[in-house]
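Chemist: Protein sequence lines correspond, in order, to chains A and B. Just so it is clear: in the first sequence, position 92 is 92 by the working numbering, and no numbers are missing. Just so it is clear: in the second sequence, position 95 is 1095 by the working numbering, and no numbers are missing.
Hints in this document: simulated from the structure, not taken from any laboratory. The beta-carbon is built from N, C-alpha and C at its ideal position, and this holds for glycine as well. Among these hints, one or two may not hold up.
Unchecked claim - Cβ pair distances, simulated, as ranges:
no.	chain 1	residue 1	chain 2	residue 2	range
1	A	T5	B	E1079	43 to 49 Å
2	B	T1020	A	P7	37 to 43 Å
3	B	S1069	A	H10	40 to 46 Å
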Amino acid sequence: AQSVTQPDIHITVSEGASLELRCNYSYGATPYLFWYVQSPGQGLQLLLKYFSGDTLVQGIKGFEAEFKRSQSSFNLRKPSVHWSDAAEYFCAVLRRGSGAGSYQLTFGKGTKLSVIP
Amino acid sequence: NAGVTQTPKFRILKIGQSMTLQCAQDMNHNYMYWYRQDPGMGLKLIYYSVGAGITDKGEVPNGYNVSRSTTEDFPLRLELAAPSQTSVYFCASSTSDRAYEQYFGPGTRLTVT
């Protein structure tokens, strides 16, 4: 079954430092992969997506992610973290649902990011 | 546009009580979803709907029911509340051709005691 694993439960970085959040996927074919962000007390918001083609994808808020098939990874990066980036980040994979024509997202367990001023 | 709205924001239930979590969207999205989020566990899909009158079970449907009589509304019903249903519940919606781009409501925090 398609799944994603986020090995880090909680990461703390200093403001201005670089960031990398890890995501590993399990999928037979080329997966459709996504990163979502959840600010405190809010719902989730799509950061970026990967379908095919260029393995480095750009998203909103200065984030990027790189798809590496050889490592089954889709890590999220940001060169310089801002205090407002403190949030929880979820990696997700799109899979076909049980109903005809339906697709569903399967989320990882999330990585909470804390930013030290 | 209000996007996806959920009511109530918070609720405390006693064991065995029932309640309905309301969800509405004004983006004319065909697809709607209910998730629950427990600490350290990510989001689990409870039920989803691909259009009015069509619903299907997700990963953790037991103890819940849904209906979809209109495109806009997708209420989630808890019939006999149990402590295991203490969670934060999120409703989301998407278009059919961009099911990966889901728009989430602000969530309902439910406590069952």
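Chemist: Are the hints correct? Go through all of them and say.
Modeler: Each hint tested on the structure:
1. T5/A - E1079/B: 43 to 49 Å: The hint (43 to 49 Å, Cβ to Cβ) is violated, given that T5/A and E1079/B are roughly 34 Å apart.
2. T1020/B - P7/A: 37 to 43 Å: Since the Cβ atoms of T1020/B and P7/A sit about 38 Å apart, the hinted range of 37 to 43 Å holds.
3. S1069/B - H10/A: 40 to 46 Å: This hint holds: roughly 42 Å between Cβ atoms.
Of the numbered hints listed earlier, the single one contradicted by the structure is hint 1.
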